[in-house]
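Participant: Chain by chain, the residues:
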Amino acid sequence: MDMKNVVDIVGVSKAFGSHVVLDNVSLKVEEGENMIVFGQSGTGKSVLLKCIVRLLEPDSGRIFIEDTNVLTLGVKELNNVRKNLGFLFQGAALYDSMTVRENLEFPLIRHYNFTHLEREEKIKSVLEKVSLEEAIDKMPSELSGGMKKRIGLARSIIAEPKLMLYDEPTTGLDPITSKEISSLILELQKSLKMTSIVVTHDLLCAEIIADRAIVLNEGIVQHEGTITELTTSKDPFLRNFFSHEIIEEQNRSSNV
Amino acid sequence: MKNSKSTIVKQNSMEKRLTEFFIMLAGLWQFQWQFLKQIFIPPFEIDQIRKHMDELGIKTLPIVSVTGFIIGLVITMQMQPVMVRFGAEAFLPGAVGISIVRELAPVITALIFAGRVSSGIGAELGSMRVTEQIDAMEVSAVNPFKYLVITRVFATTFILPILTVYVIFIAFLGSYIAVVLVQNMSYSYYVDSVISSVEFGDAIPGVLKTFVFGFIVGIVGTYKGYTATNGTEGVGKAATTAVVVSSLMILIFDMVLVKVTLWLWPTV
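Note that the protein sequences, when read in sequence, are chains A and B.
Position 111 of the first sequence, counted from 1, bears residue number 111 in our numbering, the numbering being contiguous throughout.
Position 33 of the second sequence, counted from 1, bears residue number 33 in our numbering, the numbering being contiguous throughout.
Next up, chain A with everything else stripped away, as it sits in the complex (with noise of 0.2 Å):
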């Protein structure tokens, strides 16, 4: 059976100056499918996230979600589309001068014209799932790094988007951190049946989540293929930037 594509990214290139740093990059995301986007820091990683969210306006090349190129969209088409799509930034990105509860509260106030007790039931399922309750009106200088990205997950998913898109959902995280978001991430996609795109450089997260994954480089998709595909690849590429990242994973294990 054919599987339809959630994410079609057809020829894009992007450059900031003289420096290219996505160059005629194409990639298909399936429906319910977790794409792990990996590659080396400044390798173009977060800019083709932020493409498909249209944060950035690519120079060239076409973007479809769900059959509808995001770049040719109006101010309200897109925001429509943005409806529909969570977004995980790197350090979650929760609103400083609200509480918790306001943080989960702001999209739905302006998209939607739920009463304040299915807001409030919608609120305490949400954070129920990330397993946060007690943290309801907590400010978020009050929680630690991995709360933060439990809490940000909540308001990402709090509208139960189709896609979502996350940018190093575990950096900075502890191993043992760092599993739980990844098993969360995989727990929330199954029962909210998503399509993800991770990018990340954490193998263990990778290994728990990806579905198949590609790696950037020079600003073109070098290789894809699943997890075990790439990490026992013969490529002197692959086998270097994978030994580095199981050296990273092993001190990082070793320091807990």
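There could be a bad hint or two in this list.
What follows is a set of in silico ranges between Cβ atoms, one per label pair, in the way DEER data are often shown [claimed, not checked]: (1) A:Asn84 <-> B:Thr232: 31 to 39 Å; (2) B:Gln38 <-> A:Asp96: 22 to 30 Å; (3) B:Glu103 <-> A:Glu77: 48 to 56 Å; (4) A:Asp96 <-> B:Thr240: 18 to 26 Å; (5) A:Ile109 <-> B:Val191: 45 to 53 Å; (6) A:Ser141 <-> B:Leu25: 32 to 40 Å.
What the hints contain is simulated information worked out from the structure, not anything from laboratory work.
Glycine included, each C-beta is placed from N, C-alpha and C at the ideal position.
Since the structure of chain A is provided, determine the placement of chain B on it from the hints.
Facilitator: For chain B alone, kept in the frame of chain A given last:
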């Protein structure tokens, strides 16, 4: 040889600064244009405007109260011997009153407001920008420009005139205390003297120009914060340059507005 090298370096850095200044002015103009384009598009976020007005008013009230009081007191003490020298001490309350209402209270309140508020807005929005909170808002299909910029600019534009009227009264209180200290003048004589000298027409241009000053404080602070780059260093830069640029612009616009006022109301 060394001297000529250092002169070239100085010239280059001067050129760079000038270029940066003009780029900033162009950016500010565009930002202001965007403000004018989006101002009439719903949602209007009235609750946010009210919240910011409350916060900004409360935040600046203590400092403007103290400054207003001291300005009234000091200017009266300074002017008293001069008025005595010219045998015009009876006109002291009127002279002080006119200078407070027409110039001192509006400009000093605006400058203090700029120092307190513009830097605060610059730092707050700058930190939201570098921690991707503004991006998060945009991705959640909320227009961050309307939610963060328009609400704050509205709040600063409308709270500054209110603060200025308040400072005028506080400065009069300071001035009266100074009059009592240096000269034996009754309260009723002081009040009568101020009322007969300061006309309503003196207060209108003085207070009206603070709407412009409030707008400057808001638009410069939000522009600097909203366009901040380079992490925490960028946040600090946004906060400090917001104060410098808004204070400078207040003084320049004051000069222009005084000229316009005198041209529009020559008898005032």
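Participant: Are Asp96 of chain A and Thr240 of chain B spaced within 18 to 26 Å by their CB atoms?
Facilitator: Holds: the Cβ-Cβ distance is about 21 Å, inside 18 to 26 Å.
Participant: May I ask you to test the hint 48 to 56 Å on the CB atoms belonging to Glu103 of chain B and Glu77 of chain A?
Facilitator: holds, 52 Å
Participant: Quick check on a hinted range of 31 to 39 Å for Asn84 of chain A and Thr232 of chain B, using CB atoms only.
Facilitator: Hint holds: Cβ distance 34 Å, inside 31 to 39 Å.
Participant: Using the beta carbons of Ser141 of chain A and Leu25 of chain B, state whether their distance is inside 32 to 40 Å or not.
Facilitator: The hinted range 32 to 40 Å holds for Ser141 of chain A and Leu25 of chain B, with Cβ atoms some 36 Å apart.
Participant: Can the suggested window of 22 to 30 Å be confirmed for the beta-carbon pair Gln38 of chain B and Asp96 of chain A?
Facilitator: holds, 24 Å
Participant: Between Ile109 of chain A and Val191 of chain B, does the beta-carbon spacing fit 45 to 53 Å?
Facilitator: For Ile109 of chain A and Val191 of chain B the Cβ distance comes to about 51 Å; the hint holds.
Violated hints are absent here; each numbered hint is respected by the structure.
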